[in-house]
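Asker: Below are the chains, spelled out letter by letter.
2 protein chains.
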Amino acid sequence: KPIALTESENDEIDEQEPRTSTEGSSTLKTIIVVTPTYKRLTRIADFTRLANTLSHLLNLYWIVIEDGQETVPVVHKILERTHLNFTYMAHPSPPNYPNRGWYQRTMALKYIRENYTSFMRSQNGVVYFGDDDNAYDLRLFEEYIRNVKKIGMWGVGHVAGSLVESPRVSNQKVVGFDVEWSPDRYFAIDMAGFAVDLQLILESDAVFRSSCPSGTGALESCLLADLGLKREDVEPFGFEKKNDREVLVWHTKTLIPDIYEFRPSAWNWLFPKPPKTNGYFVEY
Amino acid sequence: KPIALTESENDEIDEQEPRTSTEGSSTLKTIIVVTPTYKRLTRIADFTRLANTLSHLLNLYWIVIEDGQETVPVVHKILERTHLNFTYMAHPSPPNYPNRGWYQRTMALKYIRENYTSFMRSQNGVVYFGDDDNAYDLRLFEEYIRNVKKIGMWGVGHVAGSLVESPRVSNQKVVGFDVEWSPDRYFAIDMAGFAVDLQLILESDAVFRSSCPSGTGALESCLLADLGLKREDVEPFGFEKKNDREVLVWHTKTLIPDIYEFRPSAWNWLFPKPPKTNGYFVEY
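Read top to bottom, the protein sequences are chains A and B.
Just remember that this note's numbering sits 3 ahead of the position in the first sequence, which is counted from 1.
Just remember that this note's numbering sits 3 ahead of the position in the second sequence, which is counted from 1.
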């Protein structure tokens, strides 16, 4: 059961900024973006950038899961300002649960299965796991994710030691994966590199397991295998050109800022006091 | 003289995404955003996020200056996809010129003075220096920058060792600056923390000097002083509340990704070869 659950159905259209609307676009496949998030110094900045990106898109439903005891008002307000339809809920990770975000994505999959009829008119949807610190080209959503029929895959920039991790494609079929790290995974792909048809999610009870026979780094591969997918099912996107292909998503990380007052010092240890925020709201 | 100069006047409106238009909004003050940029591993990701943010805004003119011998096609394409009006030009920094971006911003100020009549209908504008790696809340532009009459200032998150750098405001007047680093500057403010009315830029030939009596870290302060501004001229934004004020811009930095092939090693030194890009375009 979620600790806190907020649902929003923003049906009104902002006259000044006609950015999003679910009206008049019922033929478009709905993109369900699943974003785990957690309190940290750079979270509001990261989340704001992702909101600025997603709020360009039509027919997008955003599921945001706080790794914490409760939802955070400032995050809720960012979601409201997007004019997107969304669910924001809190599911703290169980003690000693491995890998940040896994439990939250699992809760999102369960939420989708139990509630999709409340936020969708049909099963014409696709699920994408979009973390809040990555960088996204809008074409990833408009040209790739929206057109996934069963399971789509594409290259991801700057992930796991590679300039680009990508499926290896031959005759429009995925025949392997060009990655530096753990290339022998059956689906050697990062969370940001695939999207799955909603129907497939609904027909299965697969979730991110707390462990996976191929190791904790292979949970993506385990999920896709649990969904009954094979390499030959994969639709590769963006491989039309042999060279100068385009990266449309990057596994960016925001540097933790060097705040002077947070530097370890004997002075801070002897005379601890809250850091200066000049009256501003700051997460830390 | 610019080495390469590209001007675009995207007057057509994309029917599917009515995100920007210069028509029917002539009473809105035009925001001129000046962005120096340069080739680096994370540039396309950073620039894509900034484009996603700025493309929400009406009446915005984007001046982008490449620190390099020529403009970069993939950056040009990102600018075109925003449907914003823009100028993209290349001005490589002179040898040994201090502080990245200073020369490019100076070239932008000169460009604005010589060309504003070609991209604006009146002098009803405001100039903002928006770097491509920062994170921006849309309200910074809509509620703060657009409403600047002469010189506006506001808090900036995660800059120069502070959680928030901000003007110190008393009776709606700026009486000092709450910053950790170099607080005795006359205007102790980061580039992201102010915007200046276009008229003021046009009436002066002030640029970012290659040196400044108060030190290289005080170039912002020198520019504002050169524009003839005093602390009492400053309009502070966002100080209505005593507490829980909102940060609308963060001085974020993107972590340089750890690409295995770029790690120093005897093997790479003995047998150098280009890193694997899997056929993708990658800046490095």
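Read the hints as simulated data drawn from the structure, not as lab findings.
Remember, it's a predicted structure, so these values are computed and weren't measured experimentally.
Incorrect hints may have been included.
If we take Cβ atoms under 8 Å as the criterion, some of the chain A residues that face chain B in the derived model are [stated by the list, open to error]:
1) S96
2) N99
3) Y100
4) G160
5) G164
6) E235
Idealized CB from N, CA, C, for every residue including glycine.
Asker: Does the nearest C-beta of chain B fall within a distance shorter than 8 Å of the C-beta of N99 (chain A)?
Answerer: violated, 27 Å
Asker: Would the stated hint for E235 (chain A) survive a check requiring a Cβ distance to chain B of less than 8 Å?
Answerer: This hint is violated: E235 (chain A) lies away from chain B, its Cβ roughly 20 Å from the closest one there, beyond 8 Å.
Asker: Let's test the interface hint: is any C-beta of chain B closer than 8 Å to that of G164 (chain A)?
Answerer: At 4 Å from the nearest chain B Cβ, G164 (chain A) passes the 8 Å test, so the hint holds.
Asker: Does the nearest C-beta of chain B fall within a distance shorter than 8 Å of the C-beta of S96 (chain A)?
Answerer: Where the cut-off is 8 Å and the nearest Cβ of chain B is about 23 Å from S96 (chain A), the hint is violated.
Asker: With 8 Å as the cut and Cβ atoms as the points, is G160 (chain A) at the interface with chain B?
Answerer: Holds, because the Cβ-Cβ distance from G160 (chain A) to chain B comes to roughly 7 Å (cut-off 8 Å).
Asker: Let me know if the C-beta of Y100 (chain A) comes in closer than 8 Å to any C-beta of chain B, holds or violated.
Answerer: violated, 25 Å
Hint check: violations occur at hints 1, 2, 3, 6; the rest are consistent with the structure.
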